[in-house]
Structure formats: C-alpha cells, structure tokens
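Visitor: Residues per chain are reported as follows:
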Amino acid sequence: MKNPREVTRADVVRMVVIGTIASAVGIAIGLWIDWFPAHASTQIDSISAFYDFLIILSVPVFVLVTTIVLFSVIRFRMRPGEEEVDGPPTHGNTRLEVIWTAIPSVVVACLCVYAANVLSDIDQAQANQVKVTAWGQQFMWQFEYSGANGKRFLDDELYIECTPTGTQTGQGAPCKGPQVAFDIKAVDVIHSLWLPSMAMKQDAVPGITTHTKINPTRLGMYPVVCTELCGIGHGIMRSTVHVLTPAQYSAWLQKKSKAAAS
Amino acid sequence: MPVQLRQPGWYRAAAFTVLGLAFCLALTTGIRAAYGYDPLFDFDAIAIVSMIGTPLFFLVGLGAFDYWFYWAAGKPTRAEDHSSHGANSWKDYFKVNTDHKVIGIQYVCTTFFFMLIGGLLAMMVRAELATPGSQFVDGQDYNSLFSVHASLMIFLFVVPVFAGLANYVLPLMIGAPDMAFPRLNALSFWLLPIAGILMSISFFMPGGAFASGWTAYAPLSTTQPIGQMCFTIGVQFAGASSIATALNFLVTIITMRAPGMSFWRMPLLVWANFATSLLVVIATPFIAASQFFILLDVALGFNFFNATIGGERQGNVIMYQHVFWFYSHPAVYIMMLPGFGIVSEILSAKSRKPIFGYRMMAFSLLAIVLLGFTVWAHHMFVSGMQNWIRIPMMVTTAIIAVPTGIKIFSWLATLWKGVLHLDTPMLFSLGFLTMFTLGGISGVTLAIVPFDIYASDTYYIVAHIHYVLYGGSVFTIYAGVYYWFPKMTGRMYNEAMGKLHFWMTLIFFNLTFAPMHVVGMQGMPRRVADYAEQFAPWNLAISIASFGLGLSTLIFIYNMVNSWRNGPKAEANPHRALTIEWQVSSPPPIFNFDSIPTVVGGPYEYGVPGAVHAVFDAKKPEPVAVGAPAEAETAEVGADAGSPEDQETKD
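So the sequence lines, in the order shown, correspond to chains A and B. FYI, the working numbering numbers position 16 of the first sequence as 16, with every residue one higher than the one before it. FYI, the working numbering numbers position 341 of the second sequence as 341, with every residue one higher than the one before it.
To be clear, the hints were calculated from the coordinates, so they are not data collected in a lab. No experiment lies behind these values; they were computed from the predicted model shown. One or more hints might be untrue.
Label-pair ranges, simulated between beta-carbon atoms [as the list claims (entries may be wrong)]:
1) Val-187(A) x Ile-52(B): 28 to 36 angstroms
2) Trp-388(B) x Thr-165(A): 32 to 40 angstroms
3) Leu-500(B) x Gly-81(A): 25 to 33 angstroms
4) Val-251(B) x Arg-9(A): 28 to 36 angstroms
Built from N, CA and C at the ideal position, the CB exists for glycine as well.
Construct all of the structure, not just a fragment, from the sequences and the given hints.
Guide: Here it is as structure tokens:
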C-alpha cells in the first residue's frame with residue numbers, strides 16, 4: 001500500500017488545482033457581496049475599486065494557509081501505531097524562507113503605492129467647491145450654509161447640489177456636482193462625520209477645525225452617522241444627506257434664507 | 001492586639017482596608033477644610049482618593065510588603081525564608097505566595113474569573129443588539145456594558161493570562177528554581193485583582209460604570225460620572241502589575257537560564273515572553289501617563305484636554321490619542337506574541353518535528369517589537385492629526401505583515417510531513433493559524449489609509465479585533481491551558497469535551513464575528529445601542545450565534561474544574577515534549593528541580609535520533625571541569641559550556 005506520508009507531484013498538482021478553484025470561488029463571492037451601501041461619490045468609487053483589489057489579493061492568502069493546514073491534517077495525521085513515530089528533522093530551508101520574506105514584501109510595497117495614489121485621488125481639491133461647515137454636538141449634527149442673501153443659517157440635515165447627467169432625477173440617478181468641502185467642528189466632545197454612501201469620514205475635534213471633501217455622483221437621500229463614541233445618545237446621532245438637483249437646491253435655499261431672515 | 005491582626009493575611013488586610021478608607025476620608029476632608037471648599041464631604045473627591053489609597057493599605061495588610069519593610073527597618077530578615085513559598089492547601093492560593101507555580105495558577109484562575117464577567121457583559125451587549133431600538137438598557141448603560149467588557153477582557157484577561165501561563169512554565173523551561181524576584185512577583189499578582197475589582201464595581205457607582213469605551217477618549221472621558229475613575233485608576237494597578245512582571249521576566253530570562261541554555265537554545269515561548277516584556281516595559285508607562293492626565297483633568301482641573309471652542313482653555317484633544325495609542329498599539333502585540341510562543345511549542349511537539357526556521361522565528365518576534373512602536377497613528381487616520389503622517393504609518397503597519405507572514409509560513413512548514421497528534425491543544429493551534437490569518441488580512445486592509453477612512457469605527461473594526469484577539473489570542477490561550485493543564489494540576493483534562501469545546505468555539509466564533517465585517521461595511525458604526533432597521537436581520541443572527549459562543553465557554557470551564565478535581569492522574573510528560581518543564585514530575589516539586597538541569601541541545605530536536613534538550617545528571621559535562629572551573633557558576637559562561645564548538649576552541 002502507498003505510504004500516505006509521501007507527497008507526490010500529483011498531490012502538489014491536486015493542491016494547486018483545489019487551491020486555485022477555492023480562490024476563484026472565494027474571490028467571486030467576495031466580489032459578488034454588496035459590501036458598500038451605495039456608490040454616491042467619486043471617493044467611494046475609488047475606495048470600492050481598491051477594496052475589490054484587496055479581496056483578489058487576500059482570498060488566495062487565506063486559501064493557501066487553509067489548504068496546507070487541511071492537507072497536513074488529512075495526510076500527516078497520526079495513525080494508530082504511530083504513537084512513538086517522529087517526523088523528519090527538518091530545521092529550515094533558507095531558499096524557502098527568503099521566498100516567503102521577499103514575496104510578501106513586494107506585495108506590501110505594491111499595495112502601499114496603489115493606496116497612496118488612491119489617497120491623493122480622493123483628497124484632490126477641485127477649483128469649484130461648495131463650502132459647508134458641519135458642527136458635531138451631543139447628539140446631533142448641524143450644518144451651516146451660506147444663504148441666498150448672504151446670511152448664514154443652520155440646518156440639522158445636509159443638503160448638497162448636483163447636476164443630473166441624464167434625464168432622471170429620482171433616488172440614485174447619476175449626477176455630477178461641485179465638490180463639497182467640509183469644515184468640521186465640535187461643540188463638546190469628539191464626534192465623527194461619516195457619509196457611508198460617499199465613503200468619507202472625519203472626526204470633529206474640540207478646539208480645531210478638520211476637513212474632508214466629497215464629489216457627489218448620485219441624487220437622492222443617504223444616511224449621515226456619527227462614528228466616534230460621544231456619550232449616551234451616540235447611537236441615535238444620525239442625520240440625512242439630500243443630494244438635490246440645482247433647481248431643487250435653490251428652491252430649498254430660497255425657503256431657508258427667507259426663514260432665516262424673518 | 002490579637003495575633004490575626006499582627007500576622008499577614010486576610011484579617012489584617014480587612015483591618016487595613018478599613019484603616020485605609022478612614023485615612024483617605026480624613027485626608028480628603030482635611031484638605032477640603034483647609035481650602036474652605038464647600039461641601040466639605042464630596043463623594044467624588046473621597047471616592048477618587050480612596051480608589052488610589054485604599055488598595056495600597058490592603059496590600060500592606062495582606063503582607064505584600066512585609067519582607068521589604070523588615071529589611072528597610074533594619075530588622076532581622078532571613079535570606080532563605082521560604083515560609084510563603086508553595087501551596088499545601090487551597091488556602092495557600094489566597095495568600096501572598098512567592099512560588100512562581102502558585103502565582104501562575106493564581107493568575108490564570110483570576111483572569112478566567114474576570115473573563116467570565118467580561119463574557120457575561122458581552123452576552124448582555126448582544127442581547128441589547130438583537131433587535132433595533134432599546135431593549136433593556138439605555139444608552140449610558142449600554143456604553144458601560146461594552147466599555148467594561150473590553151477593559152476586563154484586555155487588562156484583566158488577555159494581557160495577564162499570558163503573564164500567568166508564562167509565570168508557571170517559563171522558569172521551568174529555562175531550568176530556573178523560580179523567578180528572579182519572587183516577592184515582586186507576588187506583589188505583581190495581587191495588584192491585578194485590585195484592578196479587576198475596581199473596574200467591576202464601577203457598575204455600583206452613582207451615574208453607572210465608565211462608559212467611554214476602553215479607549216476613554218478625552219474629552220468624553222473627562223466629562224463622565226465618577227465611574228470613569230474606576231477605569232482610570234484601575235488601569236494604573238493593572239499597568240503597574242504588567243510592568244513589574246515584565247521586568248521580572250526580563251531579569252529571569254537574562255540571568256537565570258540553566259547552564260548550557262544559550263539564547264539560541266531557548267524555547268520560542270521564552271523568546272516570545274522576552275519580546276513581550278520589552279514591549280511592556282517600554283510602552284505601558286504611556287497608558288499610565290494618558291490616564292494620569294485624565295485623572296488630573298477630572299480631579300484637579302488641569303485642562304490637558306479641555307479645548308472648549310472660544311474659551312481660553314487650550315487643551316489638546318488629539319494629544320490624548322497619541323499617548324494612548326503609543327501604548328495601546330504595542331498592546332496588541334503584548335496580547336499576541338506570547339500566544340505565538342505557545343503555538344510554536346505546541347505545533348512542534350504535536351507535529352513531532354523541529355520548529356521550522358527557529359532563528360527567523362526569534363528574529364521576527366524582535367522585528368515585530370521594533371515595528372510595533374512605529375505604527376500607533378494608524379488608529380488615528382481620521383482623527384484630525386496632521387495629514388502627512390498617514391502614509392508613513394500605513395507603510396510601517398503594512399510591513400508588519402512580513403514578519404508575521406514569516407511566522408505563519410514557518411508554522412505551516414513545521415506541520416509539513418510531521419506526525420500530527422490532533423488533540424485539543426493542537427486543534428486550537430491549527431484554529432489559531434487559520435483564524436489569525438483572517439484577522440491579519442483584515443488588519444492589512446485597515447492599514448490602507450483610503451480603506452481605513454471608510455471602515456474606521458464601524459463594525460468592520462469590531463470584526464477585525466475579535467478575529468485577532470479571539471481567533472488569535474484566545475485560541476492560543478485555550479491551546480496553552482489545555483497543553484499545560486496536566487503539568488499545572490497533575491491531572492488530565494477530558495479530551496472529548498476539549499474537542500467539543502474546540503469545534504463549538506470555532507463554529508460559533510465565525511458565525512458571530514464574520515457577519516460583522518458585512519454589517520460594518522454596509523454602514524453600521526460601532527459602539528451604538530441602536531441601529532438602522534436595515535441591519536436588523538444580521539444583528540439577530542450575530543446575537544444568536546454569540547450565545548452559542550458563550551455556551552462553548554461554559555463547557556471549557558466545566559471541563560477544567562471537573563478534570564482538576566476528578567481527572568485521571570497525569571504522567572510527567574504526556575505530550576512527549578523535549579522542553580525542560582516536561583522532564584520534571586506533574587506537578588513539579590516545590591523548588592522545581594532536585595538538581596539543576598544542564599542544557600545540551602536545541603528545544604525542538606524531534607526526529608533527531610537520540611536528541612535530548614537537557615540532562616539532569618549531577619555529573620557535569622567534561623568541558624566545564626576542564627575549560628572554566630572558576631566562572632562556571634555565572635549564567636553567560638555556563639550557557640556556553642557544554643556546546644561542542646566551545647570544546648574545540650578551548651582545546
């Protein structure tokens with residue numbers, strides 16, 4: 001009978017085939033899962049593309065480790081009568097060790113270069129910006145706008161403007177808008193402004209003003225959440241961002257400006 | 001005075017505790033009276049002073065300082081006083097004991113006690129989150145639940161349980177009769193329950209337990225009810241305990257190795273604890289500092305972190321995070337490196353093969369120590385710190401994947417062509433290998449700044465930390481406890497129940513924490529008592545799975561308690577391992593060795609015909625007698641004696 005401890009070329013081929021199939025399936029599932037809630041900004045598009053890249057990179061690593069563990073468990077497990085048997089006294093293999101130091105180093109380096117590019121991408125300032133000041137306070141967001149008559153006013157929901165690129169104007173309709181640049185401030189403790197559908201997140205820190213930017217690409221309503229623990233009502237510190245067409249936006253601005261003036 | 005109150009022990013400890021409370025009350029009230037403060041009796045002020053002062057009185061009463069006091073007062077002391085060494089009955093485990101084996105068991109039992117409390121809190125967290133809206137606790141109580149859960153699990157379970165396991169096995173492994181400083185060791189242990197009790201009783205404080213997370217970010221933590229101080233001060237006691245133990249390990253490892261045990265013959269568990277202790281000694285003072293800042297802000301109005309806009313106070317809120325993470329990032333390695341050591345021991349002994357790439361395994365530990373200090377700000381990518389520092393911190397963080405990868409691949413190569421004994425410690429080690437790989441992968445994704453901007457402070461983070469701390473650290477803790485259970489108790493655990501525990505843990509662990517990646521990515525922030533309707537189905541599933549995970553822990557506890565009482569007697573070396581702790585009886589003699597062993601080879605020479613790691617014969621190897629007769633007693637010279645190369649050069 002064949003010695004189960006012997007690893008033949010056929011075994012290695014089988015492992016590679018099974019590993020490749022498992023990786024392909026894993027990657028397919030990883031890409032199929034709807035990880036991100038909605039793609040409503042250019043920033044989330046970049047990050048989501050990057051995340052796909054991460055999935056393609058990570059699944060094979062996990063499959064590699066799991067395949068070797070499972071193969072070892074199946075083939076090299078102790079069988080009755082082997083209670084006193086020891087394995088071969090292999091102490092190491094310099095070539096292997098160099099390989100598994102070098103390859104991850106290269107992968108990590110590539111990852112960092114790609115990441116640095118994505119970061120400079122999503123941080124890119126555009127000439128045409130709309131400025132909004134976001135105030136975090138226990139336990140609500142306040143957004144400060146500059147009204148039609150120059151008067152500044154506050155609203156507890158976020159309204160931004162975006163020009164539809166098609167004929168549709170409903171929820172999720174594509175649009176292209178001016179970049180929204182946030183000045184973020186905190187009244188009491190640290191909060192964190194997050195727009196999950198637009199990816200960006202930035203802490204609101206007492207004493208300083210922090211900044212972030214988004215380039216909206218979809219019309220509609222999306223959640224705004226606080227992601228930094230800020231006390232008893234942290235869980236309910238949520239708001240909504242309304243991405244409006246220019247017509248809707250100026251109508252809203254008119255109404256608000258009037259209310260602010262009176 | 002009755003004799004009980006003069007002798008060290010619980011009666012005197014109780015008396016001193018009362019005395020301590022009275023002293024703190026008098027001190028606080030006296031100072032308030034001197035300053036003319038109103039009201040004279042301020043509960044918060046008295047509570048803060050008492051939380052610092054009373055535990056010290058308790059420790060004096062218990063007898064942790066007796067010997068030093070005698071010595072300092074010039075009273076007669078006996079250098080070889082072993083009256084407090086070793087345990088003859090269960091009562092000796094409740095005393096200040098200087099035997100590292102007793103202290104090790106004290107550590108492990110205490111930490112698992114607090115792990116059960118922390119686990120119970122986790123169950124309550126999951127019960128609250130089973131459906132959206134408020135079930136049975138309000139926001140503040142919910143925040144308390146997860147804050148105390150995390151604090152107990154980190155400061156009272158994962159960090160100290162490793163110190164406990166190492167306390168027991170490390171001196172045995174290096175052939176030492178005890179730790180270098182046994183009395184300091186006893187004090188280190190007794191600081192720990194103080195920290196745990198402070199954190200646990202915070203639930204009974206007016207205003208409830210501390211509720212600003214285990215991170216206690218200012219200025220939220222400086223504006224909380226008095227319960228917050230239980231964390232701030234509790235961490236000081238846990239931290240002092242950590243630092244003292246780490247110093248003890250360092251000195252023990254450097255100076256007390258048996259003759260012949262050079263650094264390159266140390267088992268990897270010893271290497272791992274050497275690396276961990278370096279981290280603890282350098283990093284832990286930083287969390288102490290961060291919490292002292294909070295204490296000074298709250299108690300004395302120092303305004304380190306008070307940056308009210310428009311006011312004159314110019315505190316720096318972000319500074320807290322820098323100081324805090326300068327400890328708390330290395331802390332994740334403090335919670336992982338000893339586990340690496342445990343797994344190296346088990347995988348080698350249970351695969352019946354030498355550990356693959358021993359030297360790289362040791363070097364990669366040191367690389368992680370070094371890199372661990374250069375990555376703290378990756379917790380702060382969205383904190384509002386200067387932007388330029390993000391890329392360097394991303395690069396250093398990602399680089400840590402390289403030494404970690406070396407370890408994972410070397411473990412896999414250790415398995416290859418071995419003879420795998422798939423018992424409970426081995427199963428947990430293999431479980432660790434796969435689960436920790438997942439945690440490591442999500443760790444690399446979080447190192448990437450653009451992705452971290454998205455995922456920071458969401459449930460994706462919760463999933464990641466549980467994959468590294470539960471799938472990583474806790475799996476290695478279980479592996480280690482099963483592996484050394486026969487040595488520590490002299491009994492065998494129940495193998496079938498151990499395997500049941502493993503499979504239940506593995507399955508429910510994944511069912512609980514894997515979906516958290518998904519809900520986090522879909523937009524659910526962490527640390528929320530209430531969440532949007534869309535996350536309800538996932539959260540219900542997670543909660544149900546988490547109760548299964550809780551149940552699996554009870555199986556473990558039952559197995560341990562029952563086997564300790566009724567298990568079959570264990571042989572000296574049930575795992576047929578080569579390291580020295582298995583060459584003595586189970587449990588070992590009171591001073592570990594009847595004769596000090598001499599190390600003659602590597603610790604993992606499985607499969608090498610006739611290989612031994614250490615010999616116990618009283619007769620010394622020849623080179624010692626010929627080569628260096630006078631200096632043979634010192635560790636360094638002794639370490640080199642007996643190696644063949646040495647003999648050649650001397651001849």
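Visitor: All hints, please: hold or fail.
Guide: Here's how the hints hold up against the structure:
Between Val-187(A) and Ile-52(B) the CB atoms are about 33 angstroms apart, so this pair conforms to the stated range of 28 to 36 angstroms. Remark: the range hint 32 to 40 angstroms for Trp-388(B) to Thr-165(A) is upheld by a beta-carbon distance near 35 angstroms. Checking the proposed 25 to 33 angstroms range against Leu-500(B) and Gly-81(A) shows it holds: the Cβ atoms sit about 26 angstroms from each other. In this structure the hint that Val-251(B) and Arg-9(A) lie 28 to 36 angstroms apart at CB is violated, the actual value being about 53 angstroms.
Hint 4 alone, counting from the list given before, is not met by this structure.
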